[in-house]
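Add chain B to chain L, keeping to what the hints say.
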Amino acid sequence: MATTEPKPQIGQRRLRKEDPELITGQGNFIDNISVAGMLWIHVVRSPYAHATIKGIDTSKAERAEGVVAVFTGETLEFAGPLVMAWPINDQVKNPAHFPLTKDKARYVGDPVAVVVADSRAGAKDAAELVEVDWEPHPAVTSIKDALKDGAPIIHEEFGTNNAGDWVFERDSPAPRRNPSGPYFEDPELVTIKEDYYLARLIPNAMEPRGVVVDLTASMGEYTVYSSTQIPHILRTTLTITCGIPEAKLRVVAPDVGGGFGSKLEAYPEDAICLAVAKKLGKPVKWIEERSEGYVATLHGREMHQTIELAATKDGILKAVRVNLTASMGAYLRIITPGIPMLGAWLYAGPYDCEGYDFQYTNVFTNNTFTDAYRGAGRPEATYAIERAMDALARKLGMDPIDLRMKNFITNDKFPNYTMVTGLTIDSANYTGTTEKMLDILDYADIRKKQADSRASGGTKVIGVGFSTWLEMCGIAPSRVLAALKYIAGGWDAATVEFLPTGTVRVLTGVSPHGQGNVTTMAQIAADQLGVDFEDVEVLHGDSQVVPLGLDTYGSRGLAVGGVALYKAGEKILAKARTLAAHQLECSEEDLEFAGGDFTVKGTDKSANIKALGFAAWAAHDLPDGMEPGLTATHLYDPPNFSWPNGSHACVVEVDTETGAVEIIRYVAVDDCGVQINPNIVQGQLHGGITQGIAEALFEEALYDSEGNLLTGNMTSYMIPGPPELPSFELDHTVTPSPT
Amino acid sequence: MGRIAVTVNGHRHEVDVDPRDLLVYTLREALGLTGTNVGCDTSSCGTCTVHLNGESVKSCTVLAVQADGQEVTTIEGLATNGDMHPMQQAFTENHALQCGYCTPGMIMAAVSLLADNPSPSEDEIRHGLEGNLCRCTGYHNIVKAVQAAASA
Chain L
1 MATTEPKPQI GQRRLRKEDP ELITGQGNFI DNISVAGMLW IHVVRSPYAH
51 ATIKGIDTSK AERAEGVVAV FTGETLEFAG PLVMAWPIND QVKNPAHFPL
101 TKDKARYVGD PVAVVVADSR AGAKDAAELV EVDWEPHPAV TSIKDALKDG
151 APIIHEEFGT NNAGDWVFER DSPAPRRNPS GPYFEDPELV TIKEDYYLAR
201 LIPNAMEPRG VVVDLTASMG EYTVYSSTQI PHILRTTLTI TCGIPEAKLR
251 VVAPDVGGGF GSKLEAYPED AICLAVAKKL GKPVKWIEER SEGYVATLHG
301 REMHQTIELA ATKDGILKAV RVNLTASMGA YLRIITPGIP MLGAWLYAGP
351 YDCEGYDFQY TNVFTNNTFT DAYRGAGRPE ATYAIERAMD ALARKLGMDP
401 IDLRMKNFIT NDKFPNYTMV TGLTIDSANY TGTTEKMLDI LDYADIRKKQ
451 ADSRASGGTK VIGVGFSTWL EMCGIAPSRV LAALKYIAGG WDAATVEFLP
501 TGTVRVLTGV SPHGQGNVTT MAQIAADQLG VDFEDVEVLH GDSQVVPLGL
551 DTYGSRGLAV GGVALYKAGE KILAKARTLA AHQLECSEED LEFAGGDFTV
601 KGTDKSANIK ALGFAAWAAH DLPDGMEPGL TATHLYDPPN FSWPNGSHAC
651 VVEVDTETGA VEIIRYVAVD DCGVQINPNI VQGQLHGGIT QGIAEALFEE
701 ALYDSEGNLL TGNMTSYMIP GPPELPSFEL DHTVTPSPT
Chain B
1 MGRIAVTVNG HRHEVDVDPR DLLVYTLREA LGLTGTNVGC DTSSCGTCTV
51 HLNGESVKSC TVLAVQADGQ EVTTIEGLAT NGDMHPMQQA FTENHALQCG
101 YCTPGMIMAA VSLLADNPSP SEDEIRHGLE GNLCRCTGYH NIVKAVQAAA
151 SA
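Protein chains in written order, with my numbering: chain L, 1 to 739; chain B, 1 to 152.
The following block holds chain L by itself, in its conformation from the complex (with noise of 0.2 Å):
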C-alpha cells in the first residue's frame, strides 16, 4: 500500500536539526568533555620571537603541588615531526617541527614544555615555575625584511628564509594559455602594475582550541576528543607523530565551536596530549585560553601581491601577470606552503583573457605559522584582481563595472571553458548574478547619490565598491592534488543504512561544524529515499563510528561529501529495486519508484522502502546471491572542481575628516546551483561577508620589532561586533552544474 508521499526536500528552508541541543545549552564542546581521572596540561610558551635554549630547569615546577610531571622537548618522545602534507614542488624547504622545540623557538608562543598537574589552575600556575634559560636573538617578523641580506636566518640548516618558490609555467600540470610577457610589451596596450599588502588575520574562533586524550592502557587504545575540522586527517598525522598504530587511535571531533580553517591543522598540542597520555598512562585534557590562542593557533593571509593588467585601450583584458611574497611564519604546518597556490588559477578572475603567468615565494619569519584561513588562497586571488580591475577602470577612464561586463567570461562559452589559466570551469553565471545585483542596488541611483554627496561640499561622501567572483570549490579531484604535490586524495565517503525499525542512518565522512550539513545531507535522503526528513540521523566526526572520511575544508562538504551521500543512495535504490522486484514477482523494468513506494506499473502492487529495508536485514526471503542488509557506501572522488561565482556591491559613506567608513548597504547575488536550504546558504553568506568586512576594515595582527604581538588579545584586535555591521541584501541566480 501506498504512504503518503513526503514533500519533497531540496529547496525546503528546513530548521535545522543541530539546534535543539545547542539553543538549550546541551552542545558537546571540547570544555565540557571530561574523563574520570584525567590530568591537566598546561604548554609553556616562548615569550621570544626567536631565542636558543640553552637549558630548561623543571626542578621548582615539579615539586609544586598537584605537579605530577613537567616535560620538554628532550623528555617527550615523538616518532617523528609534525606532518606537513603540501610538499608544493622540491624547492620546498620543509624544517623538521616538532611538538616541542628543542634547540630554539622561532616565534612568541613556541611550545617549549608542558606542566601535567592534577588540576588546571595547579597546572596553570606550576608553568611559572619552569625556568628557562634563552639566548635572545634578533627577530625578523616582516615578509620584506626577511628576505634581505643579513636577515636573522630563521632556519640555519637553509641559510636563508626563502622557504621555496612556485612558478605557473614550471608547477602548474594545467598549462596556461599563452605566457603574459609580450602583451606586457606591447605598445598598443595600456598597462597597471598594483602593489597590495594582505594583512595577517587571526581566526578567532569562537570557541577555543582543546584536547582530551583518553586510554585503555592494556589495550594501547586512544581516543583523542579535539576541537578539529579534520577528525581522520588528525588520525593519521596522529599515528605518523605519536607512533600509535592506526587502528588502535580513534579521533573524535565533538561539537566543534567553528573552524574558518583554523581547526584544519595538525597541531603541536594535539600531538603533546597523547604523547603525554601514552607516556604517562593516564588521561590529560588541555584547553587553548584565548590569548594564548592568539599566538597557538594558526594565522591567515599575510602576503604582498604584485599584479599586473594589461588591457586594450577600450578595455579588453588582454594579460594578467602576479608575483606574490607570503608568510609561512615559523614553521611550515600542515598545508601552509601550498596556501597561496590556491589562488594561482583564479587571478584572472571570472574574466576572459589571453596572457597568464603567476609566481610565488614563501618566506619564513619570527611569527605563529600561518596555514588555512577562510576561502585560503582564494578570496587572496579575489582581492587582487578586483582591485586591480578598478585600477585599470581608473586608468581607463572607464566605469568599473562596464569594464567587467566587457571581459566575463559569458554565457554562451558553457558547459566547460577552459579558461586562460588551464582550469575548465564547468558552468557559471557572471553577467546574470551582476546584472541582478546592479539592478537590486540601482546602479544609477547610487552613482547619482554619490555625485550629489561630493557636490555638497560636505564631509560625508559615498563610495561604492564592487566584487564579482569565481572560485575553485569542492575540493579536490585526487588526481589533480596529485599533480599539486598534495599528498592525500580529495574524495569523501558516505554511508546509507536502512535500520530494522525504518529509520536511515547516514554516515558522512565530512565533519561540519556549523555548516549544518545534520539538516541538508538529511533533506538530500530523505528526497532520494522517499523517507520523512525526520527519519533520517547523520552522525560524522567520530573516526571509530566514520572510519571513511577526509573532512571539512575547502568548500568540499556538500560539494564532495553531499555527493557521495547521493552516490550511496543511488546504490540503495538499485538494491531495493532489485528486492522489491524479487517480492512482487515482476521484472525491475516493471517499477516505477516514487515516495518511497516501488509500484507495478498500471497496478496497485508496491513495496515501501522501509519494510524493503526490514525485509533485507531479517534476510528471511532474498534473492539468490543478494547480500543481506539494506546499506551502502560510496567513496567519491569529484571530476572537477565545483565553479559557484557572484557579484557583490558595498556602499559606504566616508567621513572624509575623520575617515570612518559607515556601510549603508551590502547587496550580493550568488550563485551556488542548486541550493539544498536557503536559510544555510545564506547564513553561509553572511559569515563570509562579515569576515570580508572584518578584514577590510577592522582585523590585523601587529607586531612589535622584537616579535611580539601587540595585537593579541581580544581587546586589541578588532572583531568587529553586531553595531559595526549592517543588514544584508542577498539574492540569487541558479545554475546548476552540468557534472
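Simulated from the structure, these hints should not be mistaken for lab results.
It is possible that some hints are incorrect.
Some, not all, of what chain L presents toward chain B, calculated at C-beta under 8 Å [stated by the list, open to error]:
no., residue
1, D19
2, L22
3, T24
4, Q26
5, V654
Footprint (simulated), chain B over chain L, 3 or more residues, beta carbon under 8 Å [unchecked claim]:
no., stretch
6, 202–208
7, 287–294
8, 509–523
9, 709–715
10, 724–738
Backbone N, C-alpha and C fix where the C-beta goes; we use that ideal spot for every residue, glycine too.
Just chain B, lined up with the frame of chain L:
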C-alpha cells in the same frame, strides 16, 4: 576555600569556592552547567553571559563569591516545563546560529535586552548586543531573531 550559597535556575546550591574562582567555572565545573561557554579571557566576547538577579552579566568577570546569596539564570534555566523560551524558538526559526558556541550567551543577552526594551529598533538591537561576538552569522539573523522574539 569558602562556602557560598547560590540559587541557579531556581535551585539552591551550596558550593565550596576559592576566592579566585570565576562564576563561570563554578557554574560549569562545580554545578555541571556546561551550557555557558567561555570564549575569551578579557571579558570581550560575551559568550559566558548569564543573568545575575535578572540582569545580564559576563560570568567570567564575576567572582563566584560575589554570587553568594544571589540568583543566577543560565541557558539551561531558560526553558520552562520543557517549552523553549520565545528567544530560543526565534533563534532556530531565523537560523540565528551556526556553530552554536556564542549562542547561549547571545540568547541570554538578547533576553535581557528585550526585558529592558520590549520593542527595540534594529539599531538598538545591534548596540544592545555589542558586548557579544559571533564569528559565523554576521549578526544578520541574530538581529532578525531578536526582532521576531520582540513581536512574538
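Hint check:
1. D19: holds (4 Å)
2. L22: Since the shortest Cβ distance to chain B is 3 Å, the answer is holds.
3. T24: holds (6 Å)
4. Q26: OK, holds: L:Q26 within 8 Å of chain B, min 7 Å.
5. V654: Where the cut-off is 8 Å and the nearest Cβ of chain B is about 20 Å from L:V654, the hint is violated.
6. 202–208: holds (count 5)
7. 287–294: With 3 residues in contact (Cβ-Cβ under 8 Å with chain B), the coverage given for the stretch 287–294 of chain L holds.
8. 509–523: holds (count 4)
9. 709–715: Three-residue rule met by the stretch 709–715 of chain L, so holds; n is 3.
10. 724–738: holds (count 3)
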